[in-house]
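S.K.: Spelled out, the chains give:
There are 2 protein chains.
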Amino acid sequence: MTATPARITAVDTYDVRFPTSRELDGSDAMNPDPDYSAAYVVLRTDAHDGHEGHGFTFTTGRGNDVQVAAIGALRPHIVGRSVQELCADPGSLSRDLIGDSQLRWLGPEKGVMHMAIGAALNAVWDLAAKREDKPLWQLLAHVDPEWLVSQVDFRYIADALSPEDALRLLREGRTGVAGRETALLEDGYPGYTTSPGWLGYSDDKLTRLAKQAVADGFTQIKLKVGADLDDDIRRLRTARAAVGDGIRIAIDANQRWNVDEAIEWTNALAMFDPYWIEEPTSPDDILGHAAVRRAVAPVKVATGEHVQNRIVFKQLLQAGAIDVLQIDAARVGGVNENLAILLLAAKFGVPVCPHAGGVGLCELVQHLSMFDYLALSGTTENRVIEFVDHLHEHFTAPVIMREGRYRAPLAPGFSATMREESIAAYHYPDGTFWVADRAAQGGTA
Amino acid sequence: MTATPARITAVDTYDVRFPTSRELDGSDAMNPDPDYSAAYVVLRTDAHDGHEGHGFTFTTGRGNDVQVAAIGALRPHIVGRSVQELCADPGSLSRDLIGDSQLRWLGPEKGVMHMAIGAALNAVWDLAAKREDKPLWQLLAHVDPEWLVSQVDFRYIADALSPEDALRLLREGRTGVAGRETALLEDGYPGYTTSPGWLGYSDDKLTRLAKQAVADGFTQIKLKVGADLDDDIRRLRTARAAVGDGIRIAIDANQRWNVDEAIEWTNALAMFDPYWIEEPTSPDDILGHAAVRRAVAPVKVATGEHVQNRIVFKQLLQAGAIDVLQIDAARVGGVNENLAILLLAAKFGVPVCPHAGGVGLCELVQHLSMFDYLALSGTTENRVIEFVDHLHEHFTAPVIMREGRYRAPLAPGFSATMREESIAAYHYPDGTFWVADRAAQGGTA
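Chains as they are written, first to last, in the working numbering: chain A, 1 to 445; chain B, 1001 to 1445.
Since the hints were made in silico from the structure, they are not lab data.
Built from N, CA and C at the ideal position, the CB exists for glycine as well.
It is possible that part of the hints are untrue.
[What the hints assert, rightly or not] The calculated label-pair distances, taken between Cβ atoms and stated as ranges, are:
| # | chain 1 | residue 1 | chain 2 | residue 2 | range |
| --- | --- | --- | --- | --- | --- |
| 1 | B | Leu1167 | A | Glu264 | 54 to 64 Å |
| 2 | A | Lys205 | B | Asp1033 | 55 to 65 Å |
| 3 | B | Asp1033 | A | Ala178 | 44 to 54 Å |
| 4 | A | Asp273 | B | Asp1033 | 15 to 25 Å |
All chains should be built: construct the whole structure from the sequences, respecting the hints.
M.R.: Structure below.
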């Protein structure tokens, strides 16, 4: 008797919102009151092995329902698929989802629909890694380069990165992988912290948290800027005084400026030796970033958390517009597209320093940087993963920091699984937290 | 007694889908089976003047529900607003919607969320023009240049177009407006037709429709290309034989190619003297379009129907990547953003030839080109509006073509109002057409 092959039986979605806007955690020049949220998806199977695939899009509150609806629109492509085939070739789903000509009209490959695709694909990778009983970074670092290349969509980037280029980079990257894996497990991967630098914090809190960051072992911190120049000068002076000259201070404008403003403002802060200026202007403005980079050197230009896909990253690299490429695990089309972006960065020799924070972004993106270190770039030099100490308690395998470094996660999967109690409490609008909250505010529960 | 000012009382949304995939109308290399659809919105008021504001996003079927959900997410910004204030300054709503920091995370200014903003703003402009008892083109052509400038968001484009530039262009554009309005009312605005050129059509049908297009007075037709080179060579030869040398034949690849393919394929078709190659590659690939343009001249490069916002158009112009700029009335953030794009095109001296077709896109975009002719570019030279003879019967004021030219619409508003019977029939999945269709196919009605 032949066993029936296991199938994906359900694509369950959840609108999960945390009331972070009530503190000033996460406030910046463009995001004064985010409610960190996840449009969360669980792939269920009939494999009876206890494994589910978890993924999500991070949002900042309103519109999380739209994002959930977009993930739901992918259901017909996923339910009923063979679990084994899907996990053996997540790229087949990537091609189907990105190639759905009707859904494609809503992008193409950008915004709500593309982030939904990323959430679904990340859930597949989570499931695949769990079934292999490996953390995703390790699965990616151990598989054949040929298979990794098969997972990349070269459409629209082949003029800058061919499959042959990718294979060469991955083969070269494999040299010395065992030694680096030992080092990673021993020492972790360097992080930097944004926790001191939110706009809403007082100077005293900034000083205290900046000193704490150094004491915790971080060698780089980040400050939000862009709301008021005099405030920024004072805050950057305060931060520099708190950490001394040996610590890198990155600054982040969160797209607040036009090109000319970005140049003037950054140069006005140059006396405090900022390491990079992040998101100086629109993430869509490739030529604008190039102009800013030319005008603010030696301050480096960093961007990427809102860059919509590999095609825009390709151009940022082609135009010489960035010194630091910031991937985000949940903005583009999942692991498959982030492999393309890591390969582009390697081809152009630009270091990748991921965006993280939000809900679960640290948990996800650490896997991609660790793979990059082990089996692609081969180095952590000038590479750091953002760390923000928010909301990790809601995950079953939260990130672990030691001396300012991410420990390599050992749990199988993509570290995407949110605790069931957290989903039950923060499911919007019917979770227990939100019901109690409305009751406390005198509304109807 | 002071009258209570009229307010927006409801933002009603409708998922309207037409079963166009059952014919091969609308088939191209990337869109084999579109079901032309509208995520439709009606702004209702308590003004008791009989006026409503109508708008929509065009989609190709699946995901239209996601688009409807996105329009719904804008409701809290719109319901309760003063009708008079809103119509006197649609830009105030544009700033609120684009500036909603939580919704902004889902773009920014791209994809599903941005198209939703465009639908809502276009509905406001429809309402404003109805209240002024003017077709929108005429309202735009008659208002003060200073007010038009106030409707434009210069963020992220100020390095290429300042408010002072815009005011100068609009003041210069005003010279001779009365004479051009007379000419427009007399002669209409030139169109071109895509009706002969869909990929799914036989050569006989192509020949017949191409000859018919010339007989109807069109001086330009367009063929879809990009699926098979040998077929394209045969089809282009067939079309050229049908229309002769005096008629322009544009070709449209609908993003099918990588940069290198676009160059090779276009050059392989050059012997048939195509006027422009449209969407040769990804709409996100500014540098790619520039490379294609350098390599395929004298064939012109056109793009825009999928260009997400003014920031990408700015760069296409800055990079010298396009000869023809194709606005779409329902892709970007509504009339306000299209004003910015028309101004950018005027600044760089690039002609605007709108994308249309789909559902209602001809109805909308004619207003923008007619405004451009009357009060900005001042010319129709090398400018044509796409015309596709589909689905016009569903609108209360459908476009009127005469001798290959769009007649100036005379009905007040933005020509966006769909007939109530059409909405009742094609509302998905509960409209009378869809219910009967499922019954006929043996499903449950």
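S.K.: Against this structure, judge whether each hint is valid.
M.R.: The hints, checked one at a time:
1. Leu1167(B) with Glu264(A): 54 to 64 Å: 24 Å, violated
2. Lys205(A) with Asp1033(B): 55 to 65 Å: 57 Å, holds
3. Asp1033(B) with Ala178(A): 44 to 54 Å: 50 Å, holds
4. Asp273(A) with Asp1033(B): 15 to 25 Å: At 57 Å between Cβs, range violated.
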